[in-house]
Amino acid sequence: MEGKEVRVEVNPRFYSYEAVLLTKKVLKGVCQVSVRRKEDVILVSLKPKPKMKINLETLGYEFYNYLLNNVKEMRLGLI
Amino acid sequence: MVRDIFSIDNLEIHKGKSNVIISVNPKVYPLDTIFSAAYIFIDKAYVIVDGDPNEEIIVQLKAKDKKTDLEKLGRDFNNELINYSFYAAQTAKNMPIRTAIVQRAFFTQAQKEPEIEFAKPVENIEEIAKSWKPRRKKIGKSKSGRKRSKSRS
Numbered sequence: 001m002e003g004k005e006v007r008v009e010v011n012p013r014f015y016s017y018e019a020v021l022l023t024k025k026v027l028k029g030v031c032q033v034s035v036r037r038k039e040d041v042i043l044v045s046l047k048p049k050p051k052m053k054i055n056l057e058t059l060g061y062e063f064y065n066y067l068l069n070n071v072k073e074m075r076l077g078l079i
Numbered sequence: 001m002v003r004d005i006f007s008i009d010n011l012e013i014h015k016g017k018s019n020v021i022i023s024v025n026p027k028v029y030p031l032d033t034i035f036s037a038a039y040i041f042i043d044k045a046y047v048i049v050d051g052d053p054n055e056e057i058i059v060q061l062k063a064k065d066k067k068t069d070l071e072k073l074g075r076d077f078n079n080e081l082i083n084y085s086f087y088a089a090q091t092a093k094n095m096p097i098r099t100a101i102v103q104r105a106f107f108t109q110a111q112k113e114p115e116i117e118f119a120k121p122v123e124n125i126e127e128i129a130k131s132w133k134p135r136r137k138k139i140g141k142s143k144s145g146r147k148r149s150k151s152r153s
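These protein sequence lines are chains Z and U, in that order. Take the numbering used here: the last position of the first sequence gets the number 79, and nothing is skipped along the way. Take the numbering used here: the last position of the second sequence gets the number 153, and nothing is skipped along the way.
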């Protein structure tokens with residue numbers, strides 16, 4: 001957590017880049033999401049929109065739960 | 001003094017952070033099973049999957065409610081792993097039967113429908129071009145020519 005944003009590191013061995021982008025799309029209404037892809041890690045930074053009162057820690061953890069949901073559905077071929 | 005961090009079996013419990021770290025052997029439980037089991041806990045906890053998919057998978061469950069029994073949470077996760085492994089094994093076992101049923105269903109649909117024989121078209125239309133008149137019923141007379149009388153029963 002830094003200032004008013006939370007940075008999340010995602011392991012691409014478990015969570016695909018496509019799933020991360022899909023999660024970004026889901027959370028777009030709540031916060032600004034930027035995704036950067038590096039060799040062995042995907043960096044995601046989440047910055048809540050000005051009028052949103054969101055706990056940054058909770059936002060980071062919620063991102064992981066949404067990501068898990070998307071990964072699971074992608075693996076099952078539902079998305 | 002109560003210890004803040006302690007390990008039981010494959011669980012590592014951090015009471016202060018209200019999270020439990022579970023180490024899973026990927027050779028025993030495949031990744032799909034781990035994701036399915038983890039998905040069940042989305043309501044109760046925040047789930048993070050990490051580690052090495054070939055060596056050791058680390059699942060971190062951070063309880064949403066601080067009063068949650070962390071050991072029970074971790075052990076429930078282990079149970080769900082077994083539950084989904086069993087389900088996957090049963091699905092694999094029943095796969096040939098399911099395939100056969102589906103194939104049979106498609107085969108039945110693909111079969112040719114029996115051809116319906118229609119009447120041959122009339123070549124000489126004059127043969128049937130006769131004016132149609134309703135048959136008149138002969139009232140009052142029987143075949144023998146006598147008047148019908150009401151039968152008394």
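Hints were generated in silico from the structure; no laboratory data involved. Do not rely on the hints blindly, as some may be mistaken.
Unchecked claim - Simulated pairs of lysine to aspartate or glutamate, DMTMM-like, Cα-Cα distance not exceeding 25 Å:
(1) Z:K53 to U:D43
(2) U:K66 to U:D32
(3) Z:K24 to U:D50
(4) U:K72 to U:E12
(5) U:K64 to Z:D40
(6) U:K64 to U:D76
(7) U:K67 to Z:E57
(8) U:K66 to Z:E73
(9) Z:K24 to Z:E73
(10) U:K64 to U:D4
(11) U:K44 to Z:E62
(12) Z:K25 to Z:E5
(13) U:K67 to U:D32
(14) Z:K47 to Z:E57
(15) Z:K25 to U:D4
(16) U:K17 to Z:E57
(17) Z:K38 to U:E55
(18) U:K44 to Z:E73
(19) Z:K72 to U:E80
(20) Z:K72 to U:D76
(21) Z:K51 to Z:E5
Here is what the structure says about each hint:
1. Z:K53 to U:D43: With a Cα-Cα distance of about 21 Å, the restraint between Z:K53 and U:D43 holds, given a limit of 25 Å.
2. U:K66 to U:D32: 29 Å, violated
3. Z:K24 to U:D50: Status holds; Cα separation ~20 Å.
4. U:K72 to U:E12: 12 Å, holds
5. U:K64 to Z:D40: The hint is violated at about 29 Å.
6. U:K64 to U:D76: Holds, because 16 Å separates the two Cα atoms, which is no more than 25 Å.
7. U:K67 to Z:E57: 18 Å, holds
8. U:K66 to Z:E73: 29 Å, violated
9. Z:K24 to Z:E73: 16 Å, holds
10. U:K64 to U:D4: 18 Å, holds
11. U:K44 to Z:E62: 12 Å, holds
12. Z:K25 to Z:E5: Within the cut-off at roughly 17 Å; holds.
13. U:K67 to U:D32: Roughly 30 Å separates the two Cα atoms, so the pair is violated.
14. Z:K47 to Z:E57: Cα-Cα ~11 Å, so holds.
15. Z:K25 to U:D4: 38 Å, violated
16. U:K17 to Z:E57: At roughly 12 Å apart (the allowed maximum being 25 Å), Z:E57 and U:K17 satisfy the hint.
17. Z:K38 to U:E55: OK: Z:K38 and U:E55 at ~22 Å, within 25 Å.
18. U:K44 to Z:E73: 19 Å, holds
19. Z:K72 to U:E80: Holds, at about 15 Å.
20. Z:K72 to U:D76: 19 Å, holds
21. Z:K51 to Z:E5: Given pair Z:K51, Z:E5 holds - Cα atoms ~14 Å apart, limit 25 Å.
Hints 2, 5, 8, 13, 15, counting from the list given before, are not met by this structure.
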